[in-house]
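For what it's worth, this note's numbering labels the leading residue of the sequence shown as 1, then goes sequentially.
To be clear, the hints were calculated from the coordinates, so they are not data collected in a lab.
Treat the hints with care, as some may be off.
Derived DSBU-like pairs (lysine-lysine); straight-line CA-CA distance at most 35 Å [unchecked claim]:
#	residue 1	residue 2
1	Lys24	Lys8
2	Lys166	Lys233
3	Lys192	Lys278
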Amino acid sequence: MLEEIRSKIVTFHESGFSNSEILKRLKNDKVNPMLIYRTIKRYIETGSVSDRKRIGRPGSARTPALKNSVRCRILRNPRRSMQKMSREFCVNHETMRKLVVEDLGMKSYKRKNVHHLNDSIRHQILFSNEKLFTVEEVSNRQNDRILASRSQDVPDSIKYIDRVQKPLSLIVWAGVSAGSRTHLIFVPQGVKTNSQTHRELVLEPEIASAGEKLFQNHPWTYQQDSAPAHASKVSQGWFREQDRFHKDEWPPSSPDLNPLDYSVWANLESKACEKSHKSLESLKVSLLSEWQKIPQEELRKAVHQFWGRLTSVIHKTGGYIE
């Protein structure tokens, strides 16, 4: 096929057609300008359209069998040295390098040193955050579906979800660790969640005694984001009085690095707000009940996801991973 195209190019060339005219006439053969140029150049220099005679011994070392053997060895042990494999397969180092890089499409990556975090440390972190809950029924627009033959057959009571412009709502604070959880703290309606409120409702009643109640006086650390109420002078002054924690140890925004944000809150809301509530008191009762029903094993799994997510955020240089 290639020989035929080359012959056509030479025929048109000898008939006085320019390269651009030859390209137009051979458009259906999907000929590119470089092929036309090289064919004419070869014909002028050698008087033929056949491939030039190659110099040197044909390449034979990087055979399919060798590629497959090297690929299998690397899959079994990615830390294999290319220099060592070149000796094992009796090929030179450059051949092995080209086989791995060019034929197998692999690269050599340096191993990195990271600080080891043992299980005892992993269990001694308390994550906390706040969330706004409303009395309305929670709904997932993507997955909340109704099965029916026709849309008209679905009763209005389940077909539609009532929504109002400003539903009754309350702010809830909670903390979780791999081995424990705090009480739910409800911010009174109408009370602004500033640094003073945060100190009076959260820091003094919950965090001050967390080391004894939740961690049995073992070393522990506290993780929250750098929201204004958390990073304020009042809150940071309280931490200095306790000789504990500093805002520089917290991420500026926590959704990807806080188990409450990426797991626990959604689970609690789906259970406690499965149906709408007529009052805030009804919502509180439901939240308290469902909070205690969450298995500690579920919280432990959510907390342990933090380490993998932290690595992903580092690879994203601080960017979002979801």
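These are the hints, each one checked on the structure:
1. The straight-line distance between the Cα atoms of Lys24 and Lys8 is roughly 13 Å, inside the 35 Å bound, and the hint therefore holds.
2. The suggested pairing of Lys166 with Lys233 holds, with an alpha-carbon distance near 32 Å, which does not exceed 35 Å.
3. For a cut-off of 35 Å, the pair hint linking Lys192 to Lys278 stands: about 23 Å separates their Cα positions.
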